[in-house]
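Chains as they are written, first to last, in this note's numbering: chain B, 3 to 509; chain G, 14 to 116.
Since the hints were derived computationally from the structure, they do not count as laboratory data. Just so you know, not all the hints are guaranteed correct.
One side only, chain G facing chain B, incomplete, derived with CB under 7 Å [claimed, not checked]:
1. 33
2. 35
3. 48
4. 56
5. 64
6. 67
7. 68
8. 69
9. 70
10. 72
11. 73
12. 85
13. 106
14. 109
In the SDA-like style, the derived pairs of lysine to any residue whose C-alpha atoms are separated by at most 25 Å in a straight line are [what the hints assert, rightly or not]:
15. B:88 to G:93
16. B:88 to B:60
17. B:88 to B:71
18. B:88 to G:86
19. B:88 to G:92
20. B:73 to B:13
21. B:88 to G:85
22. B:88 to B:242
23. B:88 to B:142
24. B:88 to G:89
25. B:88 to G:87
26. B:73 to B:9
27. B:88 to G:98
28. B:88 to B:239
29. B:88 to G:91
30. B:88 to G:99
31. B:88 to G:88
32. B:73 to B:246
33. B:88 to G:107
34. B:73 to B:53
35. B:88 to G:24
36. B:88 to G:105
37. B:73 to B:10
38. B:88 to G:100
39. B:88 to G:94
40. B:88 to G:102
Glycine included, every Cβ here is placed at the ideal spot set by N, Cα and C.
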Amino acid sequence: MTQLHELDAASTAAAIASGEVSAVEVTQAHLDRITAVDGDVRAFLHVDTEGALAAASAVDEQRSAGAALGKLAGVPLAMKDVVVTKGLPTTSGSRILEGWVPPYDATVTRRVLDAGIVMLGKTNMDEFAMGSSTENSAYHPTHNPWDLSRVPGGSSGGSSAAVAAFEAPLSIGTDTGGSIRQPAAVTGIVGHKPTYGAVSRYGLIAFSSSLDQAGPFGRTVLDTALLHEVIAGPDPLDSTSIPQPGPDVVAAARQGARGDLAGVRVGVVRELTGAGGGYQQGVLDSFRAAVDVLAGLGAEIVEVSCPNFDYALAAYYLIAPSECSSNLARFDGVRYGLRVGDDGRHSLEEVMSLTREQGFGAEVKRRIMIGTYALSSGYYDAYYGQAQKVRTLIARDFAAAFTAVDVLVSPTSPFVAFGIGERVADPMAMYVNDLCTLPASLAGTPAISVPCGLSDETGPALPVGLQIMAPAMADDRCYRVGAAFEAAYTAANGLILDQIPQLGAVR
Amino acid sequence: MSDERPTLTRDEVAHLAQLARLAVTEEELDLFAGQLDVILGAVARIGDVAAADIPPTSHAVPLQNVFRADEVRPSLPREDILAGAPAVEDFRFRVPQILGEEE
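Input sequences plus hints: build the corresponding full structure.
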C-alpha cells in the first residue's frame, strides 16, 4: 500500500476531505519521514513539529464541525526560508539573520495558512537566494535525493529536495533567475515561476526586486497548479502586484492532462538548445524526445529564433547584483540580526562594515561589489543602463516569438545535478546553470519546469527538465502543455520519481 | 570590442568593498580581485549589443505609482519590532556612536 507521505497533494487533500485519514495523521507521517531521511538530505533549516501538528489538528476540528475547507486543507508544505513567517525563525540562508524571528507573515505565508495548508518548516537555500546549488547557504549544503553527493539545484534547493525526498508533497520557492525551475529540473519535480507580479512579494526578503517572484513546487503538474491558485492574486501590500486575477491554472492542468494539444503551436528556441555547445548531450537527447512527445499530442512544432537571449546572462548578472547591492544595504546591524564590534569604540559605520563582513558569505559579497561597480558613476551607462536596454530587446524577442507560437520550450538547465563542491570555486561555472531560465526572468514572463527524462551521462540516472515558457499572464498555457506532456510521458515510462533510489531505511 | 576594460585592481576592489560597507580581509581582496575581474569580463559583452535607440526596461510590467486611502491602520506592536533588534535601550534601537569625539 502507498504510504501517506508518498501521496500527491491532490490525493492527500481528497483523503482528508473524505475522512479516510486525518490531517494530523498526514502531518505526523511527513514529520516521521523528515526524521527518517532529513539527516541525509538536509532540506530543512527549521522543522516546526508543534506548530504543524496544531495546524493539522485545527483542520481536523474544522472538518468535524462541518466547516468548508480549502482544496488543499491539511496538506503539508515546506516553506523556503526567504519567506517571512511570524513566530518561526527566518534567515534567508544567511548568518546575518541567524536567530531572527519575524514579527509578521508574508502574504504568501498568510495565504498558505489561510488555505488550511500545514507548514512543516523552513527550507534551506543559497544565501539571500544567490546561487544555483544551495551550497551558498551559511548553514549547510542540501543533498539531492537522487544522489546524495550532488546538489539539489538552487537557490530553492531545500524546497526542491524536500518534495523529491517525499518529506512534503508541496513547497514554496522563489525564482529570480531560475531558482524554482532549475532545482525542480535537477530533482525530477515540477516547479513554476509565475508571471512577475502574479504572486505578492510582500514579506519576501528582497534580492532583486524587479525579478524576484515566489512560486510553487509539486510532484505533479496538477499539485503545482493547486498551490499556484492558493498563492496568486492581487495584493494591496505589494504595489508591483498585478491588480487583475490571473488565469485558472487548475482548469488548465486538468485540460492538459486529457492529452490533446491539437492546434497548440510550440516554438523550440534555437538559442537555448545548445547550438553553440555547452549543453550536456543527455539533456539535449531528453529534450528532443520531449519535443517529439508534444508533436505526438498534436502540437505544431516550429523553430524560433530569439537572438538577444544570447545576452541574457550578461544582462542578468548586471541587473540582479545592482539591485541586490541596494536591497542588502538594509542589513546594517541596527534593526535586526547580527551586530559585530559594538564595543563603544567602533563607530556606527565601522560596526556596519564589521557586521556585514562577518554576516555575509562570499557570493553575497561578490554580488554586492559587482552591483556597486555597475551602478557607480562612469560605469552606470555602460553596464547597468546597457543591461536595461538589453532587457527591452529580450522582451521584444519574446513578444515577436509569441505572435507565431503559443509557448516556447527549451531544456530547463544545460546540465543535470552536479557534485557538491564541483563548481564553488568558479563563479562563472555556477552562473551558466541559469542560461535557459534567465530570459523569462528578465521579461517577467511565466515558465514551468516539468521532468522529461533521465540522463546517466555523468554517472547515475538523473532527472532532466523541460521548460515551457508563455506570455505574461498566460501561466495557464504552461500548466496545460506541462500536464499534457506529463500524462503522455508517465503513460509511456511511469512516474520519474518512481525511479528515485531509496533513502534511509524505508520509503 | 568585447572587453576593453582595464583589469580590476586590488585597490579598486578595496574601494568597492569600502563603498559597500564590507570590512574585507587581505585574503578576500586577493580572491575577489581575480573573481570579480572574470565576472566583469564575462558581462562586458553586454556592450556588443547595438542598443543606443532602445528604451531601458526597469520592470517587466508597466509600473505606476499606487496610492492607498489615507486611513489609520494598526502598526506592529513596538515590542515585537524591538524583539529582533541587536541592541535596545529605552524602547528604542540603540545605535553605536555616529560622530567621532573630535567632530
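Results for each hint:
Because the smallest distance between the Cβ of residue 33 (chain G) and any Cβ of chain B comes to about 5 Å, under 7 Å, the interface hint for this residue holds. The interface hint given for residue 35 (chain G) is met, as the beta carbon of that residue sits about 5 Å from the closest beta carbon of chain B, less than 7 Å. With a least beta-carbon distance of about 6 Å to chain B, the hint placing residue 48 (chain G) at the interface is held under the 7 Å criterion. The beta carbon of residue 56 (chain G) comes within 4 Å of a beta carbon in chain B, closer than 7 Å, and the hint placing it at the interface holds.
Of the supplied interface hints, the one on residue 64 (chain G) holds, with its beta-carbon coming within about 4 Å of a beta-carbon of chain B, less than 7 Å. For residue 67 (chain G), the interface hint holds, the least distance from its beta-carbon to any beta-carbon of chain B being 4 Å, beneath 7 Å. Taken as an interface hint, residue 68 (chain G) checks out: its beta carbon lies about 6 Å from the nearest beta carbon of chain B, inside 7 Å. The beta carbon of residue 69 (chain G) is positioned within 7 Å of a beta carbon in chain B (closest approach about 3 Å), and the interface hint is therefore held.
Against a cut-off of 7 Å between C-beta atoms, the interface hint on residue 70 (chain G) holds, since the closest Cβ of chain B lies about 4 Å away. Given the 7 Å rule on beta carbons, the hint for residue 72 (chain G) holds: about 5 Å separates it from the nearest Cβ of chain B. Given the 7 Å rule on beta carbons, the hint for residue 73 (chain G) holds: about 2 Å separates it from the nearest Cβ of chain B. The interface hint given for residue 85 (chain G) is violated, since its Cβ lies 16 Å from the closest Cβ of chain B, which is over the 7 Å cut-off.
Interface restraint check for residue 106 (chain G): the shortest CB-CB distance to chain B comes to about 6 Å, inside 7 Å, so the restraint holds. Satisfaction of the interface hint for residue 109 (chain G) is found here, the shortest Cβ-Cβ separation to chain B being roughly 5 Å, below the 7 Å cut-off. A hinted pair counts as satisfied when its Cα atoms are at most 25 Å apart, and residue 88 (chain B) with residue 93 (chain G) qualifies at roughly 10 Å. At roughly 18 Å between alpha-carbon atoms, residue 88 (chain B) and residue 60 (chain B) fall within 25 Å of each other, so this suggested pair holds.
Restraint check for residue 88 (chain B) and residue 71 (chain B): satisfied, since their Cα atoms lie roughly 23 Å apart, inside the 25 Å limit. Of the pairs offered as hints, the one joining residue 88 (chain B) and residue 86 (chain G) holds, with about 19 Å between alpha carbons and a cut-off of 25 Å not exceeded. Of the pairs offered as hints, the one joining residue 88 (chain B) and residue 92 (chain G) holds, with about 14 Å between alpha carbons and a cut-off of 25 Å not exceeded. Taking the CA atoms of residue 73 (chain B) and residue 13 (chain B), the gap is about 11 Å. The hint holds against a cut of 25 Å.
Distance check on the hinted pair: residue 88 (chain B) and residue 85 (chain G) sit about 23 Å apart at the alpha-carbon level, within 25 Å; holds. Only pairs whose Cα atoms come within 25 Å are accepted, and residue 88 (chain B) paired with residue 242 (chain B) is accepted, the gap being roughly 23 Å. The straight-line distance between the Cα atoms of residue 88 (chain B) and residue 142 (chain B) is roughly 24 Å, inside the 25 Å bound, and the hint therefore holds. Distance restraint check for residue 88 (chain B) and residue 89 (chain G): the Cα-Cα separation of roughly 12 Å lies within the 25 Å cut-off, and the hinted pair is therefore satisfied.
Of the pairs offered as hints, the one joining residue 88 (chain B) and residue 87 (chain G) holds, with about 17 Å between alpha carbons and a cut-off of 25 Å not exceeded. For the suggested pair residue 73 (chain B) and residue 9 (chain B), the alpha carbons sit about 15 Å apart, so the restraint of at most 25 Å is met. For the hint linking residue 88 (chain B) to residue 98 (chain G), the alpha-carbon distance of about 15 Å falls within 25 Å, and the restraint holds. Of the pairs offered as hints, the one joining residue 88 (chain B) and residue 239 (chain B) holds, with about 16 Å between alpha carbons and a cut-off of 25 Å not exceeded.
Taking the CA atoms of residue 88 (chain B) and residue 91 (chain G), the gap is near 15 Å; set against the 25 Å cutoff, the hint holds. Restraint check for residue 88 (chain B) and residue 99 (chain G): the C-alpha separation of about 18 Å stays at or below 25 Å, so the hint holds. Only pairs whose Cα atoms come within 25 Å are accepted, and residue 88 (chain B) paired with residue 88 (chain G) is accepted, the gap being roughly 15 Å. Distance hint between residue 73 (chain B) and residue 246 (chain B) is fulfilled; the C-alpha atoms sit about 22 Å from each other, no more than 25 Å.
For a cut-off of 25 Å, the pair hint linking residue 88 (chain B) to residue 107 (chain G) stands: about 24 Å separates their Cα positions. Distance hint between residue 73 (chain B) and residue 53 (chain B) is fulfilled; the C-alpha atoms sit about 21 Å from each other, no more than 25 Å. Between residue 88 (chain B) and residue 24 (chain G) the alpha-carbon distance is near 43 Å, which puts this suggested pair outside the 25 Å criterion. Distance restraint check for residue 88 (chain B) and residue 105 (chain G): the Cα-Cα separation of roughly 21 Å lies within the 25 Å cut-off, and the hinted pair is therefore satisfied.
Between residue 73 (chain B) and residue 10 (chain B), the direct Cα distance comes to roughly 13 Å. Compliance with the 25 Å bound is thereby established for this hinted pair. A threshold of 25 Å between alpha carbons decides the hint, and for residue 88 (chain B) with residue 100 (chain G) the separation of about 21 Å falls inside it, so the pair holds. Restraint check for residue 88 (chain B) and residue 94 (chain G): the C-alpha separation of about 12 Å stays at or below 25 Å, so the hint holds. A threshold of 25 Å between alpha carbons decides the hint, and for residue 88 (chain B) with residue 102 (chain G) the separation of about 24 Å falls inside it, so the pair holds.
Taken one by one, the earlier hints fail for this structure at numbers 12 and 35, listed in ascending order.
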